[in-house]
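Given these sequences and hints, build the entire structure.
These are the residues of each chain, in order.
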Amino acid sequence: MNKPKVAIFDFAGCEGCQLQIVNMEEEILDLISIVRLVEWREGMSEQSEEYDVAIIEGSITRPQDEEKVRQIRERAKTLVALGACATDGGVNKIKNRFDLQEVKQLVYGADSALPHLDSAPTKAVDEVVQVDYKIYGCPIDRREFAHVVRSLVMGKRPEIPNYPVCVECKRKENVCRYEYHEICLGPITRAGCDARCPSFGTWCFGCRGSVDEPNVQAAREVMERYGKKVEDLEDRMLLFSNKQEARG
Amino acid sequence: MSTRKLNQEVFGLWVNELIARQRVVGVQAKEERFVFEPLSKAEDLRLDYDVTILPPKKYLLPQRENLMAFTAQGEYESRLEHEPFILFGVHPYDVVAISQLDAIFRAGHYDVHYMTRRRNATIVACDVQKASAHVFASSMNTATVQDGFDLLLTKIGDDYLADAGTEKGEALLALVPGGVEPAKEDFAKREQVWRTNQESLGKHDLKCRPDELPALLAKSYDDPIWEEKARLCFSCGSCNLVCPTCYCFDVHDDMNWDMQTGTRTRSCDACLLNEFAAVAGGHNFRRHPAERYRHRFYRKGSYIPNKFGFVACVGCGRCISACLTGIANPVEIYNQLYAKSPDIETSEQAALPEVSPVTERTLSEDIYAPQAATLVQTRPLTELETFYEIRLDSGLELGHEPGQFVEISLPGFGEAPISVSSSPTQRGTFQMVVRNVGNLTNALGKLVTGDRIGVRGPFGSEFPVHDVMKGRDILLICGGIGLVPVRSAINYILDNREDYGHMTILYGAKTPADRIFADEQRDWGQRTHVTMLETVDDPDENWHGHVGRITALLPLVHISPENTIAVVCGPPVMYRFVLEELQKMGMSDDSIYLSLERRMKCGVGKCGHCQMNGVYVCQEGPVFQYSTIREVMEAI
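Protein sequence lines correspond, in order, to chains A and B.
Numbered according to our numbering, the first sequence spans residues 1 to 248.
Numbered according to our numbering, the second sequence spans residues 1 to 636.
Hints listed in this document are in silico derivations from the structure and should not be mistaken for laboratory results.
It should be emphasised that the depicted structure is a prediction, and the values quoted were computed from it without experimental measurement.
By construction, the Cβ of each residue, glycine as well, lies at the ideal position given by its N, Cα and C atoms.
Worth double-checking, as some hints may not be accurate.
Ranges of calculated distance between the beta carbons of each label pair, as one might list FRET restraints [stated by the list, open to error]:
id, chain 1, residue 1, chain 2, residue 2, range
1, A, D99, B, F577, 53 to 59 Å
2, B, E75, A, N23, 32 to 38 Å
3, B, S267, A, V22, 26 to 32 Å
4, B, N284, A, Q64, 56 to 62 Å
5, A, E26, B, K446, 30 to 36 Å
6, B, S40, A, D99, 55 to 61 Å
7, B, N284, A, S48, 55 to 61 Å
8, B, S267, A, Q64, 31 to 37 Å
9, A, V22, B, L80, 34 to 40 Å
Take a look at the structure:
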């Protein structure tokens with residue numbers, strides 16, 4: 001079998017998605033039995049400029065990072081965005097709603113003017129270069145990551161769900177979070193996490209972003225039925241920049 | 001069959017005895033709700049439950065099940081679950097639902113995966129002790145049951161009456177440690193429970209009779225209610241996924257890390273989900289939420305009743321609880337429609353179709369298991385399309401008729417329906433053409449002569465070459481790869497030339513580079529009594545033939561409408577225009593045959609993906625006499 005060369009790069013993010021790869025533990029041996037990892041800062045010391053598949057974690061927040069992403073795109077046959085920051089901008093994108101100077105001042109205080117703390121509005125990777133596949137979530141789901149890697153090795157387009165988290169909640173027979181009077185983003189959020197949060201007893205944060213055609217209007221209208229405010233829903237939707245236009 | 005009365009102590013001992021002997025799945029609490037889960041001790045059993053989140057169906061048609069294991073070399077081995085188990089505490093409405101699924105999975109192609117689990121299940125039913133918030137079993141005649149269970153429990157006072165319905169149930173009763181013969185008044189108390197339940201399990205009240213629903217829905221297809229309600233639909237499929245009678249499924253392949261072995265799994269699907277009716281090429285045959293929303297109510301109240309003779313809603317009320325926006329209540333929808341058409345004429349309810357007795361031969365046969373075949377020839381036809389010639393490894397003929405299709409299987413990539421393109425007169429091998437539009441077809445494109453594939457089929461209906469086409473003139477109208485299945489008929493007719501009249505073949509492609517079988521078309525055109533006309537939408541400088549849509553060719557042909565059979569096959573957009581022209585030419589709808597594309601995932605009339613309204617394209621199609629589907633709204 002021809003092992004594709006894979007490089008993993010990180011930009012602005014918490015590295016939690018890469019940590020999910022590390023957390024595959026013994027499965028990492030399976031992983032490197034079908035791909036050749038040629039660069040991965042978090043897992044190895046080697047670097048390479050030659051790779052078939054580039055996996056990018058994190059959002060793009062500086063002009064020099066945009067340059068680097070373009071270079072990666074040129075070198076890679078296949079480019080995969082890994083995790084919410086890379087696929088949608090993630091939590092980092094909240095800053096775009098404020099004045100940039102104000103944000104820098106708030107975060108870095110007196111050091112905010114130092115050059116290495118320079119920052120631009122946050123972009124998802126596909127706002128800079130073309131992305132072939134997206135592995136959604138904050139953090140990613142390890143099973144889904146494994147599925148994507150195996151699919152790419154086979155030359156198969158990975159099957160990423162385009163239906164709401166409710167599907168997986170029902171399959172797992174979870175008690176609906178709305179029965180606990182919680183605002184859950186499951187009905188508009190892309191499944192694929194195996195309804196992780198509701199299965200552990202909390203509402204869906206929407207970390208995988210929305211399905212392709214979310215019925216946000218229905219989500220708004222359902223608030224009244226459950227004695228909730230539309231504003232509360234919209235606040236929740238902002239966390240993962242999940243359709244910021246929800247603020248409408 | 002015998003009946004025993006069990007006091008609480010005896011009942012607990014008995015349940016524990018069953019658990020010691022067999023796997024018992026029983027109703028238990030999950031947070032504030034109830035679920036069917038494997039039972040480890042009698043005291044966890046909660047027969048006082050109102051309704052479970054999911055129906056007990058999940059133990060017969062699991063949310064996800066391993067259909068078969070495969071190897072990269074194309075060996076498939078079916079996985080069947082043979083472990084006997086007891087489903088304990090099934091409410092009457094769920095018993096009715098299971099009986100319906102039994103009929104569906106036995107009918108036609110026997111689903112050995114479902115039926116093996118079903119045959120190993122012993123159903124202990126239990127009359128409802130507490131009505132759930134939305135149950136409407138009273139309206140659906142499912143509040144109590146007379147059959148469908150192995151044993152029926154009814155709580156009378158502090159005791160249970162246990163009534164065997166089958167030998168299996170009798171065997172469970174024999175394990176009761178003690179218990180007494182019920183007295184006459186015990187039976188009277190049970191009668192009282194039944195009478196009470198028949199009234200009290202009606203939190204919603206259906207205004208018409210269930211068997212009037214098909215007639216009601218026949219008048220309601222264009223009602224504004226579908227758009228109004230679907231405005232609030234999340235397309236989340238919750239109403240489907242909690243339904244005890246929904247059974248649509250999808251099938252996926254997963255390769256293991258060794259990249260040499262893998263599993264083919266089937267999982268419950270939902271017709272409300274956005275991409276349920278989308279085909280690999282991208283066309284979505286039920287694109288709008290309102291179409292999908294309406295489909296569910298029609299399946300329950302019209303399509304399945306018309307096919308199987310029962311209304312596929314048992315009144316459990318689960319969809320009502322599961323729908324966040326409150327639009328899933330069947331009673332509300334049906335009542336609103338009924339208020340607008342109270343004068344429906346009730347058709348007589350269809351009788352249950354005869355189900356042939358199950359023989360051991362069919363029991364061992366897995367309708368989902370592919371047989372091995374080898375590619376004896378592959379060659380590219382265009383940039384997107386590849387031609388394949390295939391031989392079954394068994395050495396047998398495929399045995400197809402012109403117009404039929406097969407399910408082609410590749411380990412790790414799954415299955416796709418592909419039309420057979422060769423005539424049955426060609427012996428030893430068969431041919432097909434595949435357009436690279438999805439995962440499987442893309443992988444097929446990389447195969448070379450000598451590679452193995454899996455084949456199921458042939459499936460579906462055929463062009464009527466054996467009857468109505470005989471002795472008639474034939475007009476074949478093909479767009480793009482619509483020529484692929486029609487080529488089977490063309491070559492069959494040419495090989496039996498004296499049986500048919502004049503044959504006119506019209507073919508349209510997007511560009512000259514997209515034309516398929518150009519050499520054969522030239523040969524066809526040179527045969528006697530054959531007219532072959534071609535057109536392209538976008539010509540290049542080397543193209544000297546006709547330019548324009550395929551309908552532009554029709555005025556060039558002269559047919560005698562009463563002596564001609566027309567066949568139409570092409571992209572979805574083509575049919576309406578061609579049909580209009582054919583009708584203008586005087587063709588009757590009886591004389592026009594269409595070959596239609598849908599997502600024929602299983603090929604055997606089970607998975608639900610290829611349905612056009614109530615019609616299963618994989619069974620009743622893909623070839624249809626136009627007059628038979630003129631009223632099928634989703635067809636054209």
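Exercise. Just tell me: holds or violated, for the beta carbon distance of B:S267 and A:Q64 against 31 to 37 Å?
Key: 45 Å Cβ-Cβ, so the 31 to 37 Å window is violated.
Practice problem: With 32 to 38 Å as the target window, see if B:E75 and A:N23 comply at their CB atoms. | Solution: holds (34 Å)
Quiz item: Does the hinted range 26 to 32 Å hold for B:S267 and A:V22 at CB?
Solution: holds (30 Å)
Quiz item: Is the gap between the beta carbons of B:N284 and A:Q64 within 56 to 62 Å?
Solution: violated (42 Å)
Quiz item: Within 53 to 59 Å or not, the Cβ separation of A:D99 and B:F577?
Solution: Because 57 Å falls inside the window, the suggested range holds.
Quiz prompt | 55 to 61 Å as the expected CB spacing between A:D99 and B:S40, which holds or is violated | solution = About 60 Å separates the Cβ atoms of B:S40 and A:D99, which means 55 to 61 Å holds.
Quiz item: Given a hinted range of 30 to 36 Å, is it respected by the beta-carbon distance of A:E26 and B:K446?
Solution: holds (32 Å)
Quiz item: Falls inside 34 to 40 Å, the C-beta gap from A:V22 to B:L80?
Solution: Cβ of A:V22 to Cβ of B:L80: about 39 Å, so the range 34 to 40 Å holds.
Quiz item: Taking the beta carbons of B:N284 and A:S48, is their distance inside 55 to 61 Å?
Solution: For B:N284 and A:S48 the Cβ distance comes to about 42 Å; the hint is violated.
This entry does not satisfy hints 4, 7, 8, going by the numbered hints stated previously.
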